[in-house]
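Let's have the full structure, built from the sequences with the hints guiding it.
Protein chains in written order, with my numbering: chain A, 1 to 358; chain B, 1 to 272; chain C, 1 to 331.
In case anyone wonders, no lab produced these hints; they're calculated from the structure.
List time: in silico DSSO-like cross-link candidates among lysine-lysine, alpha-carbon distance up to 27 Å: (1) A:K23 <-> B:K163; (2) A:K23 <-> A:K348; (3) B:K130 <-> A:K10.
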Amino acid sequence: MFYREAGDFKTSYAEDNQTFPIKFDRYRYWLVLAVAYLVIPFMINDYWANAIFVPFLIYAIAAIGLNILTGYCGQVSLGTGGFMAVGAYACYKLMTAFPDVNIVFHILVSGGVTAMVGAAFGLPSLRIKGFYLAVATLAAQFFLVWLFNKVGWFYNYSASGQISAPERFVGPFAVTGPNAAPWAQYMICLVFVTVCAVVARNLTRGTLGRKLMAIRDMDIAAEIIGVNPLRTKLTAFAISSFFIGISGALFFAVYLGAVEVGEAFGIQKSFLVLFMVIIGGLGSIFGSFAGAAFLVLLPVALKFVGSDLMGWPTDLVSHLQLVIIGALIMFFLIKEPHGLAQLWRVTKEKLRLWPFPH
Amino acid sequence: MNAMADSYVTEDGRTIGGVLMDLREITLRFGGVEAIKNISFDIREGEIRAIIGPNGAGKSSMLNVISGFYKPQEGEVYFRGALRPAMKPYQVARQGIARTFQNIALFEGMTVLDNIMTGRLNYMKAGIIKQAIWKGAAEREEIENRAHVERVIDFLDIQAIRKTPVGRLPYGLKKRVELARALAADPKLLLLDEPMAGMNVEEKEDMSRFILDVNDEFGTTIALIEHDMGVVMDLSDRVVVMDYGRKIGDGTPDEVRGNQEVIDAYLGVAHD
Amino acid sequence: MSTDFLYLVEVLINGLMAGVMYSLVALGFVLIFKASGIFNYAQGVMALFAALTLAGIMEGQVPFAHIINAILGTNIHHFGWHVPAVLAILMTIVVMVGFAWGVQRFVFRHLVGQEPIILFMATIGLAYFLEGVGDLMWGSDIKTLALGLPQGGSRWLEDMTVGWGGDDFYGFYIDKLDMVATIVAILLVASLIAFSQYTKHGRAMRAVADDHQAALSVGISLNFIWILVWSLAGFVALVAGIMWGAKSGVQFSLSMIALKALPVLMLGGFTSIPGAIVGGLIIGMGEKLFEYTVGSLVGGATENWFAYVLALLFLVFRPQGLFGERIIERV
Numbered sequence: 001m002f003y004r005e006a007g008d009f010k011t012s013y014a015e016d017n018q019t020f021p022i023k024f025d026r027y028r029y030w031l032v033l034a035v036a037y038l039v040i041p042f043m044i045n046d047y048w049a050n051a052i053f054v055p056f057l058i059y060a061i062a063a064i065g066l067n068i069l070t071g072y073c074g075q076v077s078l079g080t081g082g083f084m085a086v087g088a089y090a091c092y093k094l095m096t097a098f099p100d101v102n103i104v105f106h107i108l109v110s111g112g113v114t115a116m117v118g119a120a121f122g123l124p125s126l127r128i129k130g131f132y133l134a135v136a137t138l139a140a141q142f143f144l145v146w147l148f149n150k151v152g153w154f155y156n157y158s159a160s161g162q163i164s165a166p167e168r169f170v171g172p173f174a175v176t177g178p179n180a181a182p183w184a185q186y187m188i189c190l191v192f193v194t195v196c197a198v199v200a201r202n203l204t205r206g207t208l209g210r211k212l213m214a215i216r217d218m219d220i221a222a223e224i225i226g227v228n229p230l231r232t233k234l235t236a237f238a239i240s241s242f243f244i245g246i247s248g249a250l251f252f253a254v255y256l257g258a259v260e261v262g263e264a265f266g267i268q269k270s271f272l273v274l275f276m277v278i279i280g281g282l283g284s285i286f287g288s289f290a291g292a293a294f295l296v297l298l299p300v301a302l303k304f305v306g307s308d309l310m311g312w313p314t315d316l317v318s319h320l321q322l323v324i325i326g327a328l329i330m331f332f333l334i335k336e337p338h339g340l341a342q343l344w345r346v347t348k349e350k351l352r353l354w355p356f357p358h
Numbered sequence: 001m002n003a004m005a006d007s008y009v010t011e012d013g014r015t016i017g018g019v020l021m022d023l024r025e026i027t028l029r030f031g032g033v034e035a036i037k038n039i040s041f042d043i044r045e046g047e048i049r050a051i052i053g054p055n056g057a058g059k060s061s062m063l064n065v066i067s068g069f070y071k072p073q074e075g076e077v078y079f080r081g082a083l084r085p086a087m088k089p090y091q092v093a094r095q096g097i098a099r100t101f102q103n104i105a106l107f108e109g110m111t112v113l114d115n116i117m118t119g120r121l122n123y124m125k126a127g128i129i130k131q132a133i134w135k136g137a138a139e140r141e142e143i144e145n146r147a148h149v150e151r152v153i154d155f156l157d158i159q160a161i162r163k164t165p166v167g168r169l170p171y172g173l174k175k176r177v178e179l180a181r182a183l184a185a186d187p188k189l190l191l192l193d194e195p196m197a198g199m200n201v202e203e204k205e206d207m208s209r210f211i212l213d214v215n216d217e218f219g220t221t222i223a224l225i226e227h228d229m230g231v232v233m234d235l236s237d238r239v240v241v242m243d244y245g246r247k248i249g250d251g252t253p254d255e256v257r258g259n260q261e262v263i264d265a266y267l268g269v270a271h272d
Numbered sequence: 001m002s003t004d005f006l007y008l009v010e011v012l013i014n015g016l017m018a019g020v021m022y023s024l025v026a027l028g029f030v031l032i033f034k035a036s037g038i039f040n041y042a043q044g045v046m047a048l049f050a051a052l053t054l055a056g057i058m059e060g061q062v063p064f065a066h067i068i069n070a071i072l073g074t075n076i077h078h079f080g081w082h083v084p085a086v087l088a089i090l091m092t093i094v095v096m097v098g099f100a101w102g103v104q105r106f107v108f109r110h111l112v113g114q115e116p117i118i119l120f121m122a123t124i125g126l127a128y129f130l131e132g133v134g135d136l137m138w139g140s141d142i143k144t145l146a147l148g149l150p151q152g153g154s155r156w157l158e159d160m161t162v163g164w165g166g167d168d169f170y171g172f173y174i175d176k177l178d179m180v181a182t183i184v185a186i187l188l189v190a191s192l193i194a195f196s197q198y199t200k201h202g203r204a205m206r207a208v209a210d211d212h213q214a215a216l217s218v219g220i221s222l223n224f225i226w227i228l229v230w231s232l233a234g235f236v237a238l239v240a241g242i243m244w245g246a247k248s249g250v251q252f253s254l255s256m257i258a259l260k261a262l263p264v265l266m267l268g269g270f271t272s273i274p275g276a277i278v279g280g281l282i283i284g285m286g287e288k289l290f291e292y293t294v295g296s297l298v299g300g301a302t303e304n305w306f307a308y309v310l311a312l313l314f315l316v317f318r319p320q321g322l323f324g325e326r327i328i329e330r331v
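Listed below in structure tokens is the structure:
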């Protein structure tokens with residue numbers, strides 16, 4: 001009954017443009033933020049941080065990034081893993097080269113570096129379209145992983161070929177390294193997610209968002225109304241890679257601590273993030289969160305049900321997971337190309353009209 | 001070309017100004033096929049100029065040349081008195097030329113409002129950083145342009161569907177939204193590619209009224225392609241007739257109607 | 001002839017042979033893409049699945065034994081018999097046809113008319129699904145395919161060529177299996193071409209590839225043709241799976257190697273069977289040559305990315321591929 005827009009008249013265009021035009025949605029948004037910032041940090045322990053919250057937040061940033069490129073601008077990329085690796089290695093090099101600079105700054109610069117690399121690999125997008133481009137981005141994926149594997153400078157010539165994050169602080173609190181508290185890891189990711197989500201929303205609600213969607217829906221028409229296609233696509237690649245680079249830096253520095261590039265940022269990572277975007281919803285910031293949550297929770301839930309409850313061997317559970325993810329991808333593409341976000345919208349639509357569905 | 005004064009007033013009291021666009025000896029080839037053969041004509045400020053002709057006459061190609069989508073192999077385009085250099089379509093759009101398409105080219109995944117707002121893209125200057133912050137310059141700009149777009153929405157009477165995704169609209173409304181998007185750009189020259197194709201009589205009357213109103217109220221120069229001879233003759237100030245890529249007639253509707261070659265083309269006299 | 005030159009020739013020949021393998025996988029892509037516009041990312045996994053199934057049937061494995069054991073608490077794994085290769089191949093073909101039917105019935109029939117990129121992403125989902133099913137059915141351990149195909153280098157060729165380049169040249173080393181693969185690939189292509197040129201269904205297939213609507217209007221069943229095409233692709237996948245599997249064992253990396261077929265297609269154009277073959281050969285030779293000349297300078301393993309980067313650069317300058325048709329954009 002309280003989910004209503006009736007009587008809630010908008011008297012200015014600014015009000016009409018709000019992210020959450022319905023009062024109830026606005027309240028819920030503030031409530032979620034309050035819980036995320038004021039409740040969870042005090043309750044979180046190592047298991048919850050490492051198994052669920054930290055990976056969820058980091059993947060959410062990556063999914064937002066890929067969603068800007070794929071969902072809003074229509075350019076499918078299979079290079080996400082490679083771009084995350086760029087963020088991770090940039091962060092590592094910065095952390096070791098400038099140990100006195102704050103880690104937050106390093107992470108932001110890593111995003112910037114990734115943005116440039118992403119834009120460079122986006123250059124062919126003017127000539128190549130659709131799945132041709134998707135295959136072309138595989139070049140980025142394989143080349144970058146190879147590069148970080150083979151060129152010693154990137155991993156400071158360490159014997160193992162791995163990179164590992166030294167301890168760094170924000171204020172008095174360690175956020176990276178073995179002594180970082182779960183709540184501190186959680187908080188730094190949360191802050192980055194919040195800022196990234198707001199920025200992504202702002203970028204997609206206005207001029208840039210419309211340019212991206214115009215390119216996605218009909219690139220020729222977009223060009224004829226005055227959109228510069230190359231510039232717009234490169235912008236999309238750069239912004240998308242910026243977010244993905246930040247998530248890669250966090251993934252390495254905060255979450256894993258030590259990284260072997262082929263393992264952490266292989267092609268499977270590219271697919272995982274792409275699946276998050278598809279399942280969550282192409283062209284929706286909220287969907288990026290939903291998709292990340294879903295695919296972070298699914299293995300945890302399956303492991304709980306399969307291994308812990310049923311006592312099945314773990315390899316069986318991981319095979320089942322492949323089947324389920326594959327089937328879900330096909331299901332969503334057939335039934336609901338806009339993913340979980342659209343299911344959510346439809347539910348809200350029904351709530352709005354309830355109890356008079358017609 | 002008949003010598004006309006620099007500007008004159010039509011019977012219904014509109015002022016037609018000097019030459020806005022001048023196309024000189026345009027030739028366009030696709031491989032060995034000549035789609036446009038050495039055609040020249042001009043478009044004057046404030047007039048409604050029609051291009052007609054049977055199927056395959058090269059009308060759409062002509063429009064595509066004007067909007068910069070095709071580059072003619074020969075000939076020159078003068079716009080507002082200056083020779084137009086080789087340009088990308090988006091640069092042409094930024095010069096103030098907007099258009100609609102024969103097969104509607106709307107952005108199906110976006111709402112009607114967003115579609116029309118794309119018409120304002122070239123007026124919105126906030127950089128990426130400003131947009132990321134949103135509060136301040138970007139929001140102000142958004143609201144100013146929104147106000148402009150709302151006037152177009154009122155004008156074309158599509159207030160009720162503002163927030164509807166374009167993909168769900170019926171054909172006739174889509175055509176109207178496409179016109180709205182072009183109008184939102186405040187074009188100096190508006191190109192309409194078969195604005196009435198596939199419409200019933202009632203919808204055609206509506207569209208004709210909109211075209212006349214746009215021309216009358218905003219003084220927008222319009223060049224349009226249309227099959228329906230009746231509509232063209234009623235709407236336009238001057239008509240270019242094309243057949244097999246050649247220009248076979250040019251003048252007021254009455255002059256064109258009396259032109260023997262035009263009659264032959266439409267009645268299908270064998271070419272020799 | 002100098003030794004260096006001969007080694008280079010050997011590298012090139014080996015590249016050609018690897019290229020034949022790529023071409024084999026690429027063929028399957030082209031078949032499906034021509035008839036339905038679906039860019040089938042799962043083709044590599046199909047090859048893996050087919051090889052797994054073949055190995056499983058030959059060994060007399062119980063399908064889904066793992067999961068049955070987990071649920072029922074039993075401990076079954078093998079039927080205890082061995083199926084002869086020919087029979088097992090026939091049975092695998094039946095499985096692949098069933099798979100083709102299932103894919104058409106449950107997935108792509110519901111996606112008719114969708115944008116190519118959506119179809120492409122659906123095939124990525126299909127690849128995951130099929131990989132999971134393959135592992136569930138036959139287990140994920142590495143299997144060997146004991147089909148009795150010749151293995152190892154060709155002694156005869158080595159003996160023939162030893163001493164050509166002086167005393168320190170030991171003759172060309174070329175894998176016998178690669179030679180067999182080449183012959184099989186030639187036969188396969190010839191029979192595919194014969195099928196599409198001279199049989200009723202082949203002609204129908206070409207009609208569908210040309211224009212769906214027109215094909216429908218002359219009474220061709222699109223559904224049937226699509227199942228046929230997926231079955232053919234399944235058959236090609238089986239052949240590719242046998243060759244790859246016999247070479248390096250049936251394991252997951254097989255589907256990754258098959259990914260190489262993507263750049264092959266970008267070179268050759270997605271609609272051209274000769275293109276798939278030429279593209280495969282170019283990529284095969286190119287990456288071996290690059291590894292031989294440049295790879296050693298930069299740390300090796302350039303085969304991981306060379307094909308993709310080559311295809312990327314190539315596409316920027318000729319987006320339609322070597323043999324693809326030029327696309328004219330219209331408004």
